[in-house]
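Line by line, the protein sequences are chains A and B.
Position 23 of the first sequence, counted from 1, bears residue number 23 in our numbering, the numbering being contiguous throughout.
Position 19 of the second sequence, counted from 1, bears residue number 19 in our numbering, the numbering being contiguous throughout.
Rather than coming from a laboratory, the hints here were simulated on the basis of the structure.
The C-beta atom is built at its ideal place from N, Cα and C for all residues, glycine as well.
Take these hints with a grain of salt, some might be off.
Claimed, not checked - Output of the computed footprint for chain A on chain B, the stretches with three or more beta carbons under 8 Å from beta carbons of chain A: (1) 49 to 59; (2) 95 to 102.
As the list claims (entries may be wrong) - Residues of chain A placed beyond 10 Å of chain B at every Cβ, according to the derived structure: (3) 205; (4) 276; (5) 326.
Claimed, not checked - Residues on chain A that point at chain B, a partial pick, calculated with CB under 7 Å: (6) 6; (7) 9; (8) 16; (9) 31.
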Amino acid sequence: MSLTQLRDTLASVSDAVPVPVPDAAAFERRVTGVRRRRATARVAGAVAAVAVAGGSLLTLGGAGQQRLPVAPKTTASDVPVVVGGHLRTVSGDDGVLGPVGPAVASIVGATPQGVVVLTEDGTLGRVVDGDLDQVVPGRVRTAFLDGVAVVYEDDAGQIRWRQIEPTVATSDSAQTEQGRLMAAGGDVAVVAVVATDDHRGLVAHDADGVHPLSLSTTVTVVTGVDVAGGIVAVRTDQGVQFIESGGTNLTELPGRAVGSLAPDGGLYAEVARSGHDVTLIDPRAGVPSPGPELSSGTIRQVGWTADGDLLLVVDNTLWRCVGVSQCRPQVTVTGALRLH
Amino acid sequence: MTETELDFSEFMAARWAPLYRTAYLLTGDQHDAEELLQSALARTCVKWSSIRAKGAADAYVRRAMVHQLAGRWRRPFRELATSELPDRGHGGGLDVRADQLALWEEIRRLPPRMRATLVLRYVEDLTEEATARELGVSVGSVKSQTHHALKRLRAALPDLELQP
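Input sequences plus hints: build the corresponding full structure.
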């Protein structure tokens, strides 16, 4: 049988399949649903991925294999942190530091079942009652939470989705793109494509397809990516660039490579070059405004809780700012304090 | 009904059947095909006023269907099972020759991305480059998917002589 017969078979099947009458009522409901989701995405967004700038670099056009920053995601009240290389939890109510948890390399995010973490040996697991339960087999390079699933890049460079809520699924699927997973959340995954002939750079995968993200021609290094509320924030050696996940460029600002996009994508918090101030930027308008003022200390990290409270690591103290303005210290630790 | 809605309704009425046939080839399942097409048409309807080249609306809907499928095959909990197919009775309800039915049953067992690659290449007659754009993958991936799809079909039906 030739390819002609393959074509003929597909054509015959196509002709033979009975075509149903369109269900007008069901279609109307779908149109209403699409309109509602689009409006929701524009106004607020429903994602809770919170990415914090890290020190790892990805050089566009290169084939570096450095571990990329991983996005922590917090519950509404408690904040998972890494203290001295171990997972701890800071109570949102009283700032009490919880018991010492297992050694972790980074925090992926919090789920109702426990905090998902990556360990130094590349194990992706969830800490439940102080114990680490592996959620996917093998070693993992990078991972992000995305709704009920975890999106991760395995040790072979494949990007996979696995459902982990309410229970961990026994299998996952992979996309065959050759690239590096940079960020994920809200049904959007941002991948750095470095190995194909027809495209190099960043692409965003969402329900509408794959969208190239156009970076400024002067950009040579991407230091981190956040995605939330349909907005992609790309930190580069030139500053920060905001792009809609569909590929539409929004704004671009020079600045430092330390910042974090809010869970709804509505604000981007950037640490000033001095390390003493935070600037809040509207990604769509590109308009900066002063952030909360702190009396002293150097801001080392910035992040958000899932419900939109700004988190700052000032020296060895975790600060929480309700409504990005009313800041108060939550806890001071001995040793290195990290949000991710 | 606004002029835009009327315009879209006419498009949908005229193109429902051929688009449904494409959806069926992409999904291999009549219920999934209707779901997929309804969903893609709903997205198209919402964006209808911004689609300037209405003559290319078929391609727009088809792309929406492929993109939605791509979203499914990237998510483990929506991955389509390929080892067991639902029993649809004799001929799967299709009035086609026995040899064609055997081949179609094997095509239905292909992973969704492979099946979509075959449909775009050999039904929609897209080039490898255009297929890659539709699927959001590299040209190399299209070549690989096509190669492996034909290899699987050959293995499943050794009497066939599919040439790449």
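Hint check:
1. 49 to 59: n = 0 at 8 Å, threshold three: violated.
2. 95 to 102: holds (count 5)
3. 205: violated, 7 Å
4. 276: holds, 42 Å
5. 326: The claim stands: residue 326 of chain A keeps its Cβ more than 10 Å from every Cβ of chain B (closest is about 39 Å).
6. 6: Hint holds; residue 6 of chain A Cβ to chain B Cβ min 6 Å, cut 7 Å.
7. 9: holds, 4 Å
8. 16: holds, 4 Å
9. 31: holds, 5 Å
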